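Novice: These are the residues of each chain, in order.
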Amino acid sequence: MKKTKAQPRSAAARRQRLFLTGFLGVSLASIAFSVVHDNAPSPASAVGALPALTDSGALPRGGILLPGEECVGAQTVTENEFRTRTFNVPVYLPAERSASFTDGWICPRTNAPTAMYGELELTWDPGWETVDASKKFAGLANERDHAEPSSFGAYAGMINYPSASSPYPMAVFVVGDTAVTVRAKYAEDVNDVISLAREIAKSAQVATGRGELAE
Amino acid sequence: MSKDVWRDLVCVVAGGLVAAVLFAIAAPTNLLPQADAAIPPCFTHNDGTDYGQLSSTEYSGGVPQTTLNGIRANMTIKPNVECQKIYSTYVYKANETALFEFGYALGWIACFNDQTFVKYTIPTLIAVAYESDGTRHCQVWGNSNHPTGGSVDNFRSSDLNANGYWGGYWNGTSMQSAGWNLGFTQGFGGTNAERARPDENGLIAFTVHEEAHSGAWSLTENITGDYDTDPGYKWTTPNGHRADVVVQ
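Chains as they are written, first to last, in the numbering used here: chain A, 3 to 217; chain B, 84 to 331.
Note that these hints are calculated values from the structure, not bench results. Each hint should be verified, as a subset may be incorrect.
Here are a few chain A residues that face chain B, going by a calculated C-beta distance under 7 Å [as the list claims (entries may be wrong)]:
#	residue
1	PRO62
2	ARG63
3	ILE66
4	LEU67
5	CYS73
6	ALA114
7	GLY129
8	LYS138
9	GLY141
10	GLU145
11	SER167
12	TYR170
13	MET172
If you want the footprint, here are the derived chain B segments under chain A, 3+ residues with CB under 8 Å [what the hints assert, rightly or not]:
#	region
14	146 to 157
15	170 to 176
16	179 to 187
17	216 to 223
18	242 to 256
19	261 to 269
The calculated DMTMM-like cross-link candidates involving lysine to aspartate or glutamate, where the alpha carbons are at most 25 Å apart (straight line), are [unchecked claim]:
#	chain 1	residue 1	chain 2	residue 2
20	B	LYS161	B	ASP311
21	B	LYS317	B	GLU293
22	A	LYS187	B	ASP197
23	A	LYS187	B	ASP130
24	B	LYS202	B	GLU165
25	A	LYS187	A	ASP105
For clarity, every value in this text was computed on a predicted model and none was experimentally measured. Quick reminder that beta carbons are idealized off the backbone N, C-alpha and C, glycines included.
Excised from the complex, chain A in its bound form (with noise of 0.2 Å):
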């Protein structure tokens, strides 16, 4: 008798709790989609396959340089005025003999320095002082799918290998404040990257009176 009346309630209490119970699932799951879709960021994880101008015409000012593209209004300046004139930021080369300078600018705007050695880019930014340049590079390339932290002779670097997301080949070290940076447009030129980092790398370390490399 007192399981005949107990019955309907027990199947009510099971439908109620089969009803909660697919609730819950549905807003569990909704609420996940919108936490991810909140906060994940996004890296591109197909560059190469971007609507060329569509960050381009969205970026301020037009967009980001890339590898030996002109700044507007760019001066020219030549491989001996690298080697003898002072700028904003010191501007570490290859040995003369080493590789070939095709190409150097400056920008107004700015005063940074370009130097070109065939397809390979040579850039100096200043502003490193406060980086612990071991820590940094060791983070960086752990974010990324293609990049490795790397010595150049006495400084702590990076090398990018290219990728969907990250496509240029790129080699980065810091030398005191400044980090020196050879990028190119093309993922075939990587090797050469890396050894004209390795090159100035040696000229940096005779410049900053470090010696040598023992490499």
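Start from chain A and add chain B according to the hints.
Specialist: Frame of chain A; chain B shown alone:
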């Protein structure tokens, strides 16, 4: 299957359906946004570039000041959009090969990995970064933290301790827990306005520009409207820390 099993199944499905309906009603309209892989037809330029873009920059000695660790400014939140508009603060690496940008956007935006355009019908926070190796970062806060139309909010792009971690701040609140790890620590910066069509009202006042050096903020002294591709608009700078987008 027995009748009981069917009944149980119906209960679970009914619960799920009720939750889904409630979720759809409660969600903001842009939670399940419209998406389009092609360039939206409302763009004047069918390659998805802006109809017009204006950028201001803090100057020193007649050239952009390239040692900023951050920039911030107040801007009015404009709630209406025809197609697309973006208002932001930005800092570029001095040699213009990398940047960080943070602000708000309305309308069709291509932020996600596949570059699909998604329509945001209310003001939506957005952060974008490019690195010298071509790595692109983009994030929108599509489901929460929407600026309110008509209010004047503060937007900031900064790496105050100059360690290469750049972050966006909205009304003083950091929107990214650790920022993005980027390969530069300083650069030149200012504010930016973009629109996709000539009938888009893109007028705005960027006020109280401040610049950061060595962790300290101060008013900019020479904010300069030095980039303008918009046929209908121009910059006017009433003082060293205010830049307004006005009709030509």
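Novice: So, for every hint listed, does it hold in this structure?
Specialist: Hint check results:
A hinted interface residue such as PRO62(A) counts as satisfied when its beta carbon comes closer than 7 Å to some beta carbon of chain B; here the least separation is about 4 Å, so the hint holds. The restraint placing ARG63(A) at the interface with chain B holds, with a minimum CB-CB distance near 5 Å, inside the 7 Å limit. Of the supplied interface hints, the one on ILE66(A) holds, with its beta-carbon coming within about 5 Å of a beta-carbon of chain B, less than 7 Å. Taking 7 Å as the C-beta cut-off, the interface hint given for LEU67(A) holds, the closest approach to chain B being about 5 Å.
Hint status for CYS73(A): holds, given a least beta-carbon distance of 6 Å to chain B, under 7 Å. Interface hint status for ALA114(A): upheld, as the beta-carbon distance to the closest one in chain B is roughly 4 Å, under 7 Å. Among the interface hints, the one on GLY129(A) holds; its C-beta lies about 4 Å from the nearest C-beta in chain B, closer than the 7 Å criterion. At its closest, the beta carbon of LYS138(A) sits 6 Å from a beta carbon of chain B; the interface hint therefore holds under the 7 Å criterion.
Checking GLY141(A) against chain B: minimum C-beta separation of about 6 Å stays under 7 Å; hint holds. Because the closest C-beta pair between GLU145(A) and chain B is about 6 Å apart, less than 7 Å, the hint holds. For SER167(A), the interface hint holds, the least distance from its beta-carbon to any beta-carbon of chain B being 6 Å, beneath 7 Å. Residue-level restraint check for TYR170(A) holds (minimum Cβ-Cβ distance to chain B is 5 Å; threshold 7 Å).
Hint status for MET172(A): holds, given a least beta-carbon distance of 4 Å to chain B, under 7 Å. Coverage of the region 146 to 157 of chain B by chain A holds in this model, with 4 residues showing a Cβ closer than 8 Å to a Cβ of that chain against a need of three. Coverage of the region 170 to 176 of chain B by chain A holds. Counting CB-CB distances below 8 Å, 4 residues qualify, and the rule asks for three or more. Given as covered by chain A, the region 179 to 187 of chain B passes the check, having 5 residues with a CB less than 8 Å from a CB of that chain where 3 are the minimum.
Evaluation of the coverage hint for the region 216 to 223 of chain B: fulfilled, as 7 residues show C-beta separations to chain A shorter than 8 Å, against a requirement of three. Evaluation of the coverage hint for the region 242 to 256 of chain B: fulfilled, as 4 residues show C-beta separations to chain A shorter than 8 Å, against a requirement of three. Figure legend: the region 261 to 269 of chain B, annotated as covered by chain A; annotation consistent (6 residues with Cβ-Cβ distances under 8 Å, at least 3 required). Between LYS161(B) and ASP311(B) the CA atoms are separated by roughly 20 Å; this keeps the pair inside 25 Å, and the hint holds.
Between LYS317(B) and GLU293(B) the alpha-carbon distance is near 22 Å, which keeps this suggested pair within the 25 Å criterion. Among the hinted pairs, LYS187(A) with ASP197(B) is consistent with the structure: their alpha-carbon atoms are about 22 Å apart, no more than 25 Å. The suggested pairing of LYS187(A) with ASP130(B) holds, with an alpha-carbon distance near 23 Å, which does not exceed 25 Å. In summary, the hint linking LYS202(B) to GLU165(B) is supported, as the alpha carbons are separated by about 11 Å, within the 25 Å threshold.
A distance of roughly 16 Å separates the Cα atoms of LYS187(A) and ASP105(A); the hinted pair therefore holds under the 25 Å criterion.
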